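From just these sequences and the hints, can you work out the full model?
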Amino acid sequence: MSEGIRSAAARLSGRRIASVTYYPLRYERDDGTPGIEDWDEEFGHVPTMGVALRTSDGAEFFIGWAQSQCESGVALSEGLPLLVSEALRAAVPVTGHPMWVPLVGEPVEVDVGPTLDGHEEPVVFVTLSVGDGSVTFAAAEPRYDVEPPVIQHGMDCVMVFSGREAWARSRGAQ
Numbered sequence: 001m002s003e004g005i006r007s008a009a010a011r012l013s014g015r016r017i018a019s020v021t022y023y024p025l026r027y028e029r030d031d032g033t034p035g036i037e038d039w040d041e042e043f044g045h046v047p048t049m050g051v052a053l054r055t056s057d058g059a060e061f062f063i064g065w066a067q068s069q070c071e072s073g074v075a076l077s078e079g080l081p082l083l084v085s086e087a088l089r090a091a092v093p094v095t096g097h098p099m100w101v102p103l104v105g106e107p108v109e110v111d112v113g114p115t116l117d118g119h120e121e122p123v124v125f126v127t128l129s130v131g132d133g134s135v136t137f138a139a140a141e142p143r144y145d146v147e148p149p150v151i152q153h154g155m156d157c158v159m160v161f162s163g164r165e166a167w168a169r170s171r172g173a174q
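If you're matching positions, the sequence shown starts at 1 in the numbering used here and goes up one per residue.
With beta-carbon atoms standing in for the labels, derived distance ranges:
1. Y27 x S7: 28 to 38 Å
2. E78 x D117: 24 to 34 Å
3. H97 x R164: 14 to 24 Å
4. E28 x P114: 33 to 43 Å
5. P93 x E28: 19 to 29 Å
6. A10 x P34: 37 to 47 Å
7. R11 x Q67: 21 to 31 Å
8. R89 x A18: 20 to 30 Å
9. D145 x R16: 37 to 47 Å
10. D57 x D145: 37 to 47 Å
Hint data in this document are derived by calculation from the structure and do not stem from the laboratory.
Here the structure is a predicted model, which is why all the values come from computation and not from measurement.
Even glycine gets a Cβ: it sits at the ideal position worked out from N, Cα and C.
Pasting the structure below:
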């Protein structure tokens, strides 16, 4: 695992999350008006570009998808990245969403998964947890073009899973 991801995880661990903002994609509708891609999916949330976390002491962290050669994973960094203006205009505050309420205001623990095969970063997943509550970030997206729908991992977007069971199901574990 890269020193950057490991260091950011250590700096985030023990801090209290004060706010959470998703950065889904923004697009132009058929009528020319701007729209924001749906991010609240059946299997979890899909804030395509990433998630910004602000802690109670004012620190900012970002979890986004990252690519290493042909594989995609997730990266955790301190500070907000330079996002294109379209992504900034699509910011969606989700601090009060039921997925996040158990983690807001409590010291979080951070678990960083293994790196992608043969690479220093990105990693397969990042999990934030407080007691029994957790959210896991991965480079994945739902596929509804097959029956039953499945989660495709290694994609160029971020997906957030609520709880350990949802994360295990996404990986095919029962």
